[in-house]
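J.: Please build the complex by placing chain B on the supplied structure of chain A, with the hints as guidance.
Read off the chains here:
Protein chains: 2
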Amino acid sequence: MKNRDVSLPHIVVLGAGFAGLKFCQAFPTELARITIVDRQNHHLFQPLLYQVATAGLSATDIAQPVRGILSDKPNVVVRMAEVTGFDLPEKKVFLEGDELGYDYLVIALGGAASYFGHDEWAQYAPSLKSLDDALKIRRQILLATEKAENEPDEQCRRELMTTVVVGGGPTGVELAGAFSELARNVLRKDFDHIDPTKARVVLVEGGPRVLGAFPPDLSARAQRQLEKLGVEVHTGLHVQDIRAREVVLPNETIRAGNIIWAAGVAASPLGKKLGVETDRGGRVKVLPDLSLPGHPEVFALGDMITLIDKKGQPVPGLCPAALQMGEYVAKLLARELGSDRKQLAERKPFGYFDKGTMATIGRSSAVAMVGPVHFSGYPAWLAWLGIHLLFLIGFRNKFSVLTQWVYSYLTYKRGARIITGLSGEKSAGSA
Amino acid sequence: MKNRDVSLPHIVVLGAGFAGLKFCQAFPTELARITIVDRQNHHLFQPLLYQVATAGLSATDIAQPVRGILSDKPNVVVRMAEVTGFDLPEKKVFLEGDELGYDYLVIALGGAASYFGHDEWAQYAPSLKSLDDALKIRRQILLATEKAENEPDEQCRRELMTTVVVGGGPTGVELAGAFSELARNVLRKDFDHIDPTKARVVLVEGGPRVLGAFPPDLSARAQRQLEKLGVEVHTGLHVQDIRAREVVLPNETIRAGNIIWAAGVAASPLGKKLGVETDRGGRVKVLPDLSLPGHPEVFALGDMITLIDKKGQPVPGLCPAALQMGEYVAKLLARELGSDRKQLAERKPFGYFDKGTMATIGRSSAVAMVGPVHFSGYPAWLAWLGIHLLFLIGFRNKFSVLTQWVYSYLTYKRGARIITGLSGEKSAGSA
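The listed protein sequences correspond, in order, to chains A and B. Take any residue in the first sequence, count from 1 to its spot, add 565: that is its number in the numbering used here. Take any residue in the second sequence, count from 1 to its spot, add 565: that is its number in the numbering used here.
Looking at chain A on its own, in the form it has when it is part of the complex:
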């Protein structure tokens, strides 16, 4: 059990993603007691989630129990609960069946998939936000291949072996590349009636090019690398409708056994309950010090906010930005709580430091940019591997992921091709 000095101010942190967790780790715990709330019991290393969906890693490789990560921190209490709302004037957070009072509030509830107003598409085209999403997509893809193996109808078989990924951002590109590799390299030898190398993977992007946040030369390289892996890339096409096993595009309708949504990202819907201005995606407009207007004791950070930083650049919804925000608020609050009087007027605005951005496409291929330097192919892929291993939390996870990557690279096999949750699926289907 942990001791809690109730005379200390109480900081409530909502969300154990990169921003919330970094805050807890960077804050000097002798200055306050912290309660961190998350609806899951684990911190998720989201950048590798697509590898769980594509059977490269297992769920536990990219997740760590929040309690375990913070167990050595005195005065930090972990609470697994769903946040339902706020009472900012009363300094209260509402949880399912409970409430928490706070002196300072750090809101880092992350993002959610956005179907651009077509929430009915979600049932046919799952998105990739949680471990359960990833396990569901993995089950769906592996089951579709098993069904195709026993499907006598040629048309139906081709349909089961078609995967459409909607959205050409980093997640969409990574998923499409990994699905194509799964079929072409991994499943190749294992089936009798079907030829997995004939599996069709289609990537649909509404904008003019994939990886729109990258410079055009890297987008072009990414597209070439995807096509080399067998992915059909369609750009400039907006999805008109998604139905059961059907994606309707302006020029054609693709029938596909697997449809994955990687197009829209919005903020956690809880952002709208804060009573402050939000953008079209529900992202909270914060002040330059990441606090809410009129509430210097409430901060919002990570993927759920929108901000032009002190250098005049929009801060991207990426893991490094979330980490930097968590650290920024931790230092800011530590300074204020550590000094004798509160010096709110002296808060320096947050500035994002761009260390570089990268996206992986498949075995030995990736694109990366560090400042003005662009690179792609094998060197970018090695850099991607190294950096993702480095930031993965927990020695055991690093070691396990490294082992699996080396194993997959050498053998062209994937260790996590296990279908679980079938019984649940069935009962859900019959319910």
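Everything labelled a hint here was simulated from the structure, so no lab data went into it. Treat the hints with caution; some may be incorrect.
Just so you know, same-sequence chains aren't split out, so a pair can sit in one copy or run between any two.
Unchecked claim - Mimicking SDA-like on lysine to any residue, the simulated pairs with C-alpha atoms at most 20 Å apart in a straight line are: (1) K837 <-> Y972; (2) K638 <-> E595; (3) K701 <-> R604; (4) K754 <-> R928; (5) K896 <-> L802; (6) K638 <-> D760.
T.: Below, chain B alone, put in the same frame as chain A:
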């Protein structure tokens, strides 16, 4: 794709457990074409399933895709399907929505939990047979601890932190030991309001001692080791009833947030559809060559049969016995299919070779017997570790499991303390 010579006889193998898989691996594939059918896409290393339930290993560590294991075998086709029945005179197996003709049939469908006629207990006391069972038990235990942390009522809190394991066989002993360790060593530091070391783990056995299949001295040692780990061992008590969070014993009723059923094992219910004699647990009575009476072309093996072997000893429902049966039938059929004429009269009866039996209890403790030699404690535990690693299929899995064991041993942490399937749980609850 695999080539299939349709002029070869067709062997259908039902079940990709130890017996069925061993048959496929030991049979010389040039003599016949084989179709192996399983309702899961993976072979499960059942002896370590309890470690997934107790958050020591992840699901993919102890499972391997059947297709992957057999991908180098020509003439072996893997089929993921549910078996629904048989037509032995017509030499047909019925699958969900399909049927398969055979020349030889190898039935190895394994066991199922038996609630001794009280199937209504299953909803309150899950058993441990599949990966999904293990993940469900893990979710339940970890969630109960999270709930206890936020439970204001003392009585309710104690209840949430009580686990009852029904059944003192190897699985029950392993589960009870591992649950007690999870609370005392792993979760110890991680909670604020509750003291996980006060968690209560109760093992209830109807017979006079735990590990009834072992000699009395080893049973006594196992009980002492369990008690040292903090497990309350109750022997000679038959469970009268199981209700929601309640186990009714003759002398008391224990209220418990977690109830696990490890008491009864029966054969797959499909055994009863074969039209031959079965025992009380539904186990098929086979001839000494493991074939069904009147059907020399149909074999039943593994946990779903009951047999007194040629040495006059009952063959136990253990992994080594299943492996030996798979190999025995593979050799027998290879001999018959390889010779010019069928020599059915010359089939030698199956004999079980007992290499020793062991059960683990917890960190550094286990019991083992090899012939007349009994040993326990650290040496037995090391032997247990080594043998289980040795038999685990797949290099990647061995390496990953070894890593996790070393990690857990050194750090007292467990890597797989991740709750998944919450959304499914919720929707199932609301459906």
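J.: Hints first: check each against the structure and report whether it holds.
T.: Here is how each hint holds up against the structure:
1. K837 <-> Y972: neither (45 Å within a copy, 43 Å between copies)
2. K638 <-> E595: For K638 and E595, the Cα distance is within 20 Å only inside one copy (10 Å; across copies 62 Å).
3. K701 <-> R604: both (19 Å within a copy, 18 Å between copies)
4. K754 <-> R928: within (18 Å within a copy, 41 Å between copies)
5. K896 <-> L802: neither (45 Å within a copy, 59 Å between copies)
6. K638 <-> D760: between (53 Å within a copy, 17 Å between copies)
When each numbered hint is compared with the structure, violations occur for hints 1 and 5.
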